[in-house]
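One line per chain: the protein sequences are A and B, in this order. Numbering of the first sequence is given in the working numbering, commencing with residue 585 and proceeding in unit increments. Numbering of the second sequence is given in the working numbering, commencing with residue 9 and proceeding in unit increments.
Errors might be hidden in some of the hints.
[Stated by the list, open to error] Each computed DMTMM-like pair below joins lysine to aspartate or glutamate, with the alpha-carbon atoms no more than 20 angstroms apart: (1) A:Lys616 to B:Glu395; (2) A:Lys906 to B:Asp307; (3) B:Lys48 to A:Glu648; (4) B:Lys107 to B:Glu25; (5) A:Lys892 to B:Asp116; (6) A:Lys838 to A:Glu885.
[Stated by the list, open to error] Covered by chain A, per the in silico footprint, the following chain B stretches (three or more residues, Cβ under 8 angstroms): (7) 170-176; (8) 465-473.
Treat the hints as calculated values from the structure; they're not laboratory data. Please read these numbers as outputs of a predicted model, since none were measured by experiment. Every residue, glycine too, gets a C-beta built ideally from N, C-alpha and C.
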Amino acid sequence: MSYPELKALEGDIATCFRCSLCKMVPLPVFKKQEFSNICPINSHYMFHSYSASGLGYMALALSEGRIKADKALADIVFSCRTCGYCDMACNFIMESKRNEINMTLRETLVREGLAPAEYKQTIQNLKSSGNPAGSTRTRAGDWAAGLNLKKLPEQKADILLYAGCLTRYDKKALLSARKLAKLLLHAGVDVGILGDDENCCGLPAHWMGFKDDFTALAEKNASSFKEAQIKTIVTVCGACLGTLKAKYPKYGIKTGVEVLHGTELLERLIKKKKIRLTKPLNLKVTYHDPCYLGRQSEPQEEWMGEEKTVFGQMKYTVPPRKINYGTEGVFNPPRTILKSIKGLSFREMYRIREYSHCCGGGGGSAQQYEKMSLEAAKDRIKEAREVGADYLVTSCSHCKAQFEKASSDISSHPISVLDIIDIVFQAADID
Amino acid sequence: MLTVDELKELKDMVGTEWVKDDLPTRDAYSIYYNSSSLNKEDKLWTARPAAVIMPKTPREISELTKFCNRKDFMLKPFSTGWITSCAPGSRKTILLDLKRMDKIIDIDVKNQIAVVEPYVRAIDLQSELWKHGLNVHAVSCGGNHSILASTAAAWGYGITGASMGYQARNMLGVEWVMPSGEILTLGSPGDGAEWFSTDGPGPGVRGLIRGFQGTFGGLGTFTKVGVKLYRWDSDPEYEVHGGSPKYILNRELPNLGVFILMFPGKKEITDAGYKLGEAECNYSDFRMPAFFIALGFTDNNLELKQLWSTGVFQKLARYVLTVCVHGHSQKEYQWKVKALKQIVKESGGLILPMQQIPLLAFELVKPFFKMFKNPLKIITKIPFIQEITDMLKTSEEMRLKLFTTAFFILVRHANNSQGGFRASSGMFTSVGAFDTWDMGFEQADYIAGVKRPAIEKGLILDDGGDLGSGGTFDFGHLGYIEGIGEYSTNDPESRKATKAIVEESLHGTIERSLGLPIAAFGGPMNQLFGPHCYNYHEMIMKIKEKLDPNSSYDSWTYSGASEKAFADEKEGYTFF
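Given the sequences, and given the hints that come with them, work out the whole structure.
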């Protein structure tokens, strides 16, 4: 069996020299052994096969025909949470394609029919209902009932408020979306929604390795955005932001509109004094950078240049190809907002920004990985507690749900989990 | 191939989830740094291990060892697992990945000893030690390497060796699962110790199990090590700003300074190295080859091409020593800096201002540099040149940036040395003996000559030839400079040329009496170098035979291919 997609990456795999930096924080920012490991699957399963380096070697073995595409391989490959830290870590020392190798290996196994059964069901749900849980499509716009938001494309608005499916169908999460809508309306923003016509952004298909289903959904969404004639999309969920802003272009799908996360727009509105955070909040909080709002939302520019060789074996590119360090994600707006709230005590964790620790909730939900996935979240909660926080604030519905689930499972150091929108809403003191 | 019953036996020893024998996992453990050097077909793959096991305790390792004494299998332990010396030498080898053993057992502040398990990385320990005003020697591959490995089992050369010595000297105690399965404790782990057993002074068992290069997992498993610590009189931690790949310190650290010293020739740099050691004012030092300096000045290979093409670095930065000065107090620090300045002056060198120089400046001085063979010789003769240089104003931001770079290399081991090889995709090393500081430069010159034909044919990177990297040890009593080169991992011709260079240089070191190189370990290398070095290879064979009569440990990196290895695996490995 030949795998041309993997074959094309063999040279990149060969550059891995097993330094294991894909498993830990960048050395210059290292602070404490206990909170230095980052790769969720390596922290849990520990074997090298559960790491970007190991996944790369196994991809090479598959490509060269040393091993077969089988359940043993699939069990390891689909455990990856696709948090993308390994890519950032490797790029710290050299130009690499760790995330691309991981995703290509995963996509290869999907084509071989080896994805976990739960993943296949999720894809079915996406196709039939437009959301991964298979919830009824006709209720997709219920979250905004009574808010009097414009309905696109029938009505026109500058900004599309994109709720995202986890937010739309989750009773607790939709409250955050409603609060964001109220804040925007309060600030006089011209905002509308797609209501029942809103589809999933497609991230579940992407991170589970169903490339064709992802691109099909992305194309459909791009077309509906175009039809709505909007200038900007504002997402409630960090995961949607990363998908629309970075993954769509990566797979050749262009929306042609500005994509912002709610915190980015809120920061602008606070700066312009359209929203005033007047109410003091006596909270000790820390902030968790979601992977797809943070490092994974960094746009991957299409490079059109020439690769040349000089000094015998030195390759260089003209113009220099941009390396993705993950530093251009949405990191500052949430922090700026939190720090501007009176009475709020903000403290940073050890693994932050581009080297943030994953909540464990990405990559697809399969029963066999639940323990590992929750362990990642518990580790993060422990870190939040360690720095003295009573509240773990985040800005992604997936992360929030994951932390809530993990926290309810911890007796020694549970923590209250908040969406940043809830805090802003409280501090803005509006109804 | 392990039978079902054998696998069950192993799983009963350590727990089912910690034994893996599936093919994907075994292949994930079949590639290491430069592992193509072991593959006769020039592939990256080493032998595929029979299984990979993650034990948690010495007792479990003891049981596993006894298993291999009974069965036709061998163990090969490793800690952080990086270079090919961690690889299995046989398909009958069961790898012990010691990642679960990651505890800092004790930090004895009073006696300056730390006791650690195999997977404690240098940066793990250093971060804790700084809180207690202590520090540890780390080898130059970076803070992500295992302290136990470099102390008890492999090499031990590092940038802080100037004041902290070669790591084998820092081994004060060890817990050792012997090839028989017995657990032996040697030396002392410090106050409140779990053990104390006399070993030396004079000849001791530590010499037998550690030796010069180490046993690389070929003679039992080291499960704890007591390592000597050194003083750290600066901040217990630091803060950075910026993002990957440029994390910048928020401020310079107290009692700590970094200096870039330039010398016009070999004599000047070696003299200065000895004097700096004599004055004990180099906490750490690193001879930075010109190409790496140029690389450090740039963010991508296009910039590097432009900068290196000016030819300025080849002439100006051939003999550069970066030095970290650290004082136990501000007063002592100032005295050391004063001494360093005096030594540099007396040695005919120049201390560079901490200033990033734009490419344009190099273009401007290029014609001047072309006129002279050694322009630095002329520059250093200019009256008051150091005083003039010292007057050059540097912005605080720029100074901090350069301080950070040097700090991460010289003190924190956080640059990850492999980042220095972005120019090409692979690095090889060849000669590099732990000998006198002068000898290091002899080796660097020699390897530059060996590399030259391949450079001219474009088969390896044209780094100017001399990519010798290293520094002084034991305050100048010893020195180490490693003959490095860069090649392409994806070009078969480049790999072939690299192997030929390594081969030639190994023989060349014997002909020229250049010392025992870094690659001198494992059967074929022992056979090559032993006869020229007190027949150490015979001693190693005897030790192995006596202590491991049942070949319970895979010894390809120690005494040679194991008895149990398959015939095709006994043909002999080379290593670079």
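Hints, one by one, checked against the model:
| no. | hint | verdict |
| --- | --- | --- |
| 1 | A:Lys616 to B:Glu395 | violated (42 angstroms) |
| 2 | A:Lys906 to B:Asp307 | holds (11 angstroms) |
| 3 | B:Lys48 to A:Glu648 | holds (16 angstroms) |
| 4 | B:Lys107 to B:Glu25 | holds (14 angstroms) |
| 5 | A:Lys892 to B:Asp116 | violated (54 angstroms) |
| 6 | A:Lys838 to A:Glu885 | holds (12 angstroms) |
| 7 | 170-176 | violated (count 0) |
| 8 | 465-473 | holds (count 7) |
The structure is inconsistent with the numbered hints 1, 5, 7, although it conforms to all the rest.
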